Amino acid sequence: MTASTAPGFVIDDLSLDPYAHGFGQTPDGRTFTFQVRNHLLHVEVYRPGLSTTVPDTADVAGTADLSIVDIDVADERSVIAAVRDAVTDTEHRLDHLRVESPLSTWLHRITSLLDRREPSHARC
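With positions in the sequence shown counted from 1, the corresponding number in the working numbering is that position plus 2.
None of these hints come from the bench; they were simulated from the model.
What follows is a list of derived Cβ distance ranges for each label pair:
(1) Val71 to Trp108: 39 to 47 Å
(2) Leu105 to Leu52: 16 to 24 Å
(3) Arg79 to Leu116: 41 to 49 Å
(4) Thr107 to Val71: 34 to 42 Å
(5) Ala76 to Asp14: 14 to 22 Å
(6) Tyr21 to Ala60: 22 to 30 Å
(7) Leu52 to Ser80: 24 to 32 Å
(8) Pro29 to Ser80: 15 to 23 Å
(9) Thr55 to His94: 23 to 31 Å
(10) Arg39 to Glu78: 13 to 21 Å
(11) Asp30 to Ala60: 18 to 26 Å
(12) Ile112 to Ser69: 33 to 41 Å
It should be emphasised that the depicted structure is a prediction, and the values quoted were computed from it without experimental measurement. Note that the Cβ used here is the ideal one computed from N, Cα and C, for glycine as well.
Construct the complete structure from the given sequences, taking the supplied hints into account.
Shown next, in the form of structure tokens:
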């Protein structure tokens with residue numbers, strides 16, 4: 003299902019249930035995902051200009067967690083509104099962070115790759 007609620011804000015996929023989830027794009031071209039887990043709506047907004055269709059943890063630019071107490075996870079409009087608000091709030095926080103240089107971005111990605119390496123085992 004595709005749902006557009008604001009100019010440029012698009013939810014490309016939306017599944018409704020107690021574990022609602024989906025993904026979409028912001029007006030500036032960032033992608034985002036969302037899912038309900040542990041009674042929270044968890045939203046991840048990714049950095050712009052991704053070269054892959056499956057973002058990695060190093061690609062996460064910002065996150066938001068909202069309680070689902072006031073969200074009807076069975077109602078499309080309620081979920082879309084909550085996701086839109088969470089994405090907008092996350093983007094505003096990102097706009098106020100310092101702009102990273104290409105070098106710091108590269109170092110961050112290398113560090114995340116090194117963190118995923120399996121530990122070496124000593125041979126007997």
